[in-house]
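Take these sequences, add in the hints, and give me the full structure.
All residue numbers for the sequence shown refer to the working numbering, where the first residue is 1 and numbers rise by one.
To be clear, the hints were calculated from the coordinates, so they are not data collected in a lab. Don't take every hint at face value.
[Unchecked claim] With beta-carbon atoms standing in for the labels, derived distance ranges:
1. Lys34 to Ile84: 28 to 34 Å
2. Arg58 to Gly33: 27 to 33 Å
3. Phe47 to Ser10: 18 to 24 Å
4. Gly33 to Arg74: 29 to 35 Å
5. Asp55 to Gly89: 18 to 24 Å
Built from N, CA and C at the ideal position, the CB exists for glycine as well.
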Amino acid sequence: MTARGALRLSEKDNVATLLEDAAPGTGVLIHLGKETGTVNARESIPFGFKIAVTDIARGAAIIKYGEPIGIASRDIKKGEMVHIHNLEGARGRGDLTKGDVK
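Structure, rendered in structure tokens:
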């Protein structure tokens, strides 16, 4: 089964936002402009949540809108949901400077 899809807003993004719920094992069409690719959901991911479109190492930046939105708090596999359980916010933190998040 293939889900309707998810939007990836920049070529730099390592996550995409789901346009509908995805069940484990569902192929999710990832749209970036006129290009599409497919990522298999590794778990149940609700509408509006992020799916990893590549493997993301612990400590690496989570990129959405072409900009870092946080840091992976653990290794994230392609197809996993990206949310507060594996993403640490990087904005508005006094202990990080802009150059700390890449």
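Now for the hints, and whether the structure bears them out:
{"no.": "1", "hint": "Lys34 to Ile84: 28 to 34 Å", "in the structure": "32 Å, holds"}
{"no.": "2", "hint": "Arg58 to Gly33: 27 to 33 Å", "in the structure": "30 Å, holds"}
{"no.": "3", "hint": "Phe47 to Ser10: 18 to 24 Å", "in the structure": "21 Å, holds"}
{"no.": "4", "hint": "Gly33 to Arg74: 29 to 35 Å", "in the structure": "31 Å, holds"}
{"no.": "5", "hint": "Asp55 to Gly89: 18 to 24 Å", "in the structure": "21 Å, holds"}
Against the hints set out earlier in the document, no violation occurs for any number.
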